[in-house]
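Residue numbers (the numbering used here), protein chains in the order written: chain B, 1 to 196; chain X, 1001 to 1593.
Heads up, a few of these hints could be off.
Here are the simulated BS3-like pairs of lysine-lysine, each with C-alpha atoms no more than 25 Å apart in a straight line [said to hold, decoys possible]:
(1) X:1325 to B:127
(2) X:1325 to B:94
(3) X:1356 to X:1325
(4) B:96 to X:1323
(5) B:103 to X:1539
Partner residues aside, some chain B positions facing chain X, computed with beta carbon under 10 Å [to be verified]:
(6) 39
(7) 64
(8) 80
(9) 106
(10) 119
(11) 126
(12) 130
(13) 133
With beta-carbon atoms standing in for the labels, derived distance ranges [unchecked claim]:
(14) X:1228 to B:89: 27 to 35 Å
(15) B:4 to X:1226: 45 to 53 Å
(16) X:1457 to B:89: 41 to 49 Å
(17) X:1185 to B:180: 48 to 56 Å
(18) X:1113 to B:4: 41 to 49 Å
(19) B:89 to X:1477: 54 to 62 Å
(20) X:1291 to B:180: 36 to 44 Å
(21) B:145 to X:1503: 53 to 61 Å
Rather than coming from a laboratory, the hints here were simulated on the basis of the structure.
The beta carbon of each residue, even a glycine, is placed where N, CA and C say it ideally should be.
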Amino acid sequence: MSDNNRVYNVLIVGVGGQGIILASDVLGRVAAAYGYDVKKNEIHGMAQRGGSVSSHVRFGKTVSSPIIRVGEADVLLSFEQLETVRYFPFLSEKGKVILNDQKILPPAVFTGKQEYPTDVIEKIKAKVPDTVVVDGNSVAQKIGNPRVVNVIFLGILSKYLDIPVEVYEKVLKESLKPKLVDINLKAFHEGRSLAS
Amino acid sequence: MKQLLSGNEGIARGAYEYGVRLASAYPGTPSTEIMEYVGERYPEIKAGWAPNEKVALEVAAGAAYGGARAMACMKHVGLNVAADPFMTLSYTGVNGGLVIVVCDDPEMHSSQNEQDTRNFAKFGKVPCLEPSDSQEAKDLVGEALKISEMFDTPVILRSSTRVSHSMSLVETQDRAEGPKELGLKKDPMKFVMLPAMARKRHPVVEQRQKDVASFADTFSHNRIIMNDDSLGIIAAGIAFQYAREALPNASFLKLGMSWPLPENLIREFASKVKRLVVIEELDPIIEDAVKLMGIKVEGKELTGLCGELSPEKVEIALMGSSKAKSIGPIDMELPLRPPNMCPGCPHRATFTALKKNKVYVAGDIGCYTLGALPPVGMLDNCLCMGAGIGIAAGLDRSLGELAKGKAVAVIGDSTFFHSGMTPLLELAYNGGSTTVVIMDNRTTAMTGAQPNPGMGFTLRNDPTISADIEKIAGAFGFKRIRTVSPYNVKETEDTIREELQADEPSLIIARAPCALLKTDRILSDKPLRIKADVCKGCKSCINTGCPALEFVKIDEPAEGDKRKGYSRINEALCVGCRTCQEVCKFDAIEEAS
Chain B
1 MSDNNRVYNV LIVGVGGQGI ILASDVLGRV AAAYGYDVKK NEIHGMAQRG GSVSSHVRFG
61 KTVSSPIIRV GEADVLLSFE QLETVRYFPF LSEKGKVILN DQKILPPAVF TGKQEYPTDV
121 IEKIKAKVPD TVVVDGNSVA QKIGNPRVVN VIFLGILSKY LDIPVEVYEK VLKESLKPKL
181 VDINLKAFHE GRSLAS
Chain X
1001 MKQLLSGNEG IARGAYEYGV RLASAYPGTP STEIMEYVGE RYPEIKAGWA PNEKVALEVA
1061 AGAAYGGARA MACMKHVGLN VAADPFMTLS YTGVNGGLVI VVCDDPEMHS SQNEQDTRNF
1121 AKFGKVPCLE PSDSQEAKDL VGEALKISEM FDTPVILRSS TRVSHSMSLV ETQDRAEGPK
1181 ELGLKKDPMK FVMLPAMARK RHPVVEQRQK DVASFADTFS HNRIIMNDDS LGIIAAGIAF
1241 QYAREALPNA SFLKLGMSWP LPENLIREFA SKVKRLVVIE ELDPIIEDAV KLMGIKVEGK
1301 ELTGLCGELS PEKVEIALMG SSKAKSIGPI DMELPLRPPN MCPGCPHRAT FTALKKNKVY
1361 VAGDIGCYTL GALPPVGMLD NCLCMGAGIG IAAGLDRSLG ELAKGKAVAV IGDSTFFHSG
1421 MTPLLELAYN GGSTTVVIMD NRTTAMTGAQ PNPGMGFTLR NDPTISADIE KIAGAFGFKR
1481 IRTVSPYNVK ETEDTIREEL QADEPSLIIA RAPCALLKTD RILSDKPLRI KADVCKGCKS
1541 CINTGCPALE FVKIDEPAEG DKRKGYSRIN EALCVGCRTC QEVCKFDAIE EAS
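Extracted from the complex, chain B is given alone in its bound form (with noise of 0.2 Å):
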């Protein structure tokens, strides 16, 4: 653990139901397990489902504000190719982008009101040339569970961050069903073998 007060900015974004809030309590609690301080703040929207969704995870050696400033965050992952784009003033000048290629539609574009931009991610690329792209779908498909795309990405995110793999295991081992342990340990591995 580096000592001194850096503190690191992980903002998550994408839809309701996609698993965000799960993905940000596990970080939450391994860059707490490894003894950082920690602060985390959600804003999921009135709906049930189907809102846009934001987590804010911070972490380091004191932590005062729950919520990332804008130009601050050191990494943006996006479960959905529009929000990316919503929350990317969010990202610092050096932040890293990790996409999931999925596209979810706004209300305004499956009723045929507005267009879905078609070219999002060579936008984000033009800005941040080592954005890494993943379709989370296929590779948990492939996995065999298509509820594991968000533990995939924290295993891709963890490849970005100073904490030991050690400890996202054990957090993944406490915080899951005893049943469902191995599965996301083999999404966890997955991820981080797509982040290199």
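Add chain X to chain B, keeping to what the hints say.
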């Protein structure tokens, strides 16, 4: 070991550790989870959902009168509903500690206004404590109960969305019971607020306010943190954390109690710093009080009155710019992603039937408020919980023929029990021809499916009564009461039409469980599909606004195909409610194989 807890988990934990014997609440974002955690984790606490916040506070007051430590929880607008008991509880005082947890929602993430609860503390002359993280949320429940018992007053614990829904590390401890002797104690001079007694209590309230203000000067959660003396910031709650983040070198007067204010401490801090600024969200409660002390201070001219603050807003307000270097926006026209009724939502079916009747709809607060948004667009006003029935009655009676047969009130089941019964009684009593539709989805859906008195079970899943809406309306004197299944859109549409034509008040109960509920499920969960060649592209199904439907544009039509596009169903999202099938005039929708 420290645990990572949300502010709401911290408050629930605080209730447990500091000996709360009874807790009562009505769900409301961002306060809901407090009572859910109490229900799940702390069987030592007698706990339950009340039909509304007024009742929740009265139940908690009863426990406190009997010497027990008690807690009532609500969102900011819930205190409006509970304002009547609140204002006079200040006069009677308590006995056992009483903490009223009120969670504000600056920025209105999930609320109809952003009123500042500290005004109620000032109005009711009741102390107000404000946590800035989860540890303080837990600790200040204990302090609130102590102050409540020490000064014989209810105490507000004011949280906000960013405190309630943020997680941070919390040190926990064991439970200790409250110090007061329990029992029924007669003391009419204190507890019976007849004018003669109340006149004696008012000076007690005024003296108490002074006593609490002196106590505030030495209260351990009001503390000075001296750094660079060129800038001194007074802040409480989440605003303190934002200011600390943005200006780590500044000096701080951190207030754990934001009403009444510690005058000596404020004077001491003001004398130590060159520039004094109050950073607070919403109203200038602290700033105005400091100005009344004759102290020069800046505040709202820097931070504004509307919306929530953030670290960068504070940084820009005081320093002119933010140190964080943003990569900047991506230039792109971005479709919004507003919340939406879920696939299979019974409200969508009811709104479809209302739309066919081309009515004006007076509504209120619940998932069905989302019926105001396009493409549904069928909710025409939303004022507060329970308001739609009275508003529809007022329109009906005052506009005569202009409104007759054209205005409907809608209300959910939980909202009906919360504050819809008295306006329904008014309708029966004063008459008119208003039609009310109770959209009974068998839960309190908007806040995450909490049980209500119509459901037959309690907070802790214990079996209980199931209040019968039809019988309630019948007992009120309603003669026209109809019950429909909203998914039978045609039948619902016809029923609404018939009741709109009636010359007396009528009630329609559109009953089907929330599509997210796993119990009492009537949905088939068998997805439908659209025969692309049969679909005429008329968008009747699309205009129900179901997220499982998609309009697919035809860019290069085949010879003779005049359609601009056709509809498609996302089978992964469809739960088979058949509302789209009911509105399709071309038999283009069938069960997917």
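Sort out whether residue 94 of chain B lies within 25 Å of residue 1325 of chain X, counting only the CA atoms.
-> holds (9 Å)
Taking the closest Cβ pair, is residue 106 of chain B under 10 Å from chain X?
-> Because about 4 Å separates residue 106 of chain B from the closest Cβ in chain X, which is inside the 10 Å limit, the hint holds.
Would you mind confirming whether the straight-line C-alpha gap from residue 1325 of chain X to residue 127 of chain B stays at or under 25 Å?
-> holds (14 Å)
Residue 130 of chain B as chain X interface residue, shortest Cβ-Cβ below 10 Å = violated (13 Å)
Minimum Cβ distance from residue 133 of chain B to chain X below 10 Å?
-> violated (15 Å)
Between residue 1457 of chain X and residue 89 of chain B, does the C-beta distance stay in 41 to 49 Å?
-> For residue 1457 of chain X and residue 89 of chain B the Cβ distance comes to about 46 Å; the hint holds.
Range hint 36 to 44 Å: satisfied by the CB atoms of residue 1291 of chain X and residue 180 of chain B?
-> violated (58 Å)
Are residue 96 of chain B and residue 1323 of chain X close enough, with their CA atoms no more than 25 Å apart?
-> Satisfied, since the Cα-Cα distance of roughly 19 Å is no more than 25 Å.
Do residue 4 of chain B and residue 1226 of chain X keep their Cβ atoms within the hinted range of 45 to 53 Å?
-> The hinted range 45 to 53 Å is violated for residue 4 of chain B and residue 1226 of chain X, with Cβ atoms some 24 Å apart.
Assessment of proposed distance window 27 to 35 Å (beta carbons of residue 1228 of chain X, residue 89 of chain B) = Holds, since residue 1228 of chain X and residue 89 of chain B (Cβ atoms, about 30 Å apart) stay within the stated range.
Once the shortest beta carbon distance from residue 39 of chain B to chain X is found, is it less than 10 Å?
-> Given a least distance of 5 Å, the restraint on residue 39 of chain B holds.
Falls inside 54 to 62 Å, the C-beta gap from residue 89 of chain B to residue 1477 of chain X?
-> holds (58 Å)
In the structure shown, a violation is registered for the earlier hints numbered 3, 12, 13, 15 and 20, in ascending order.
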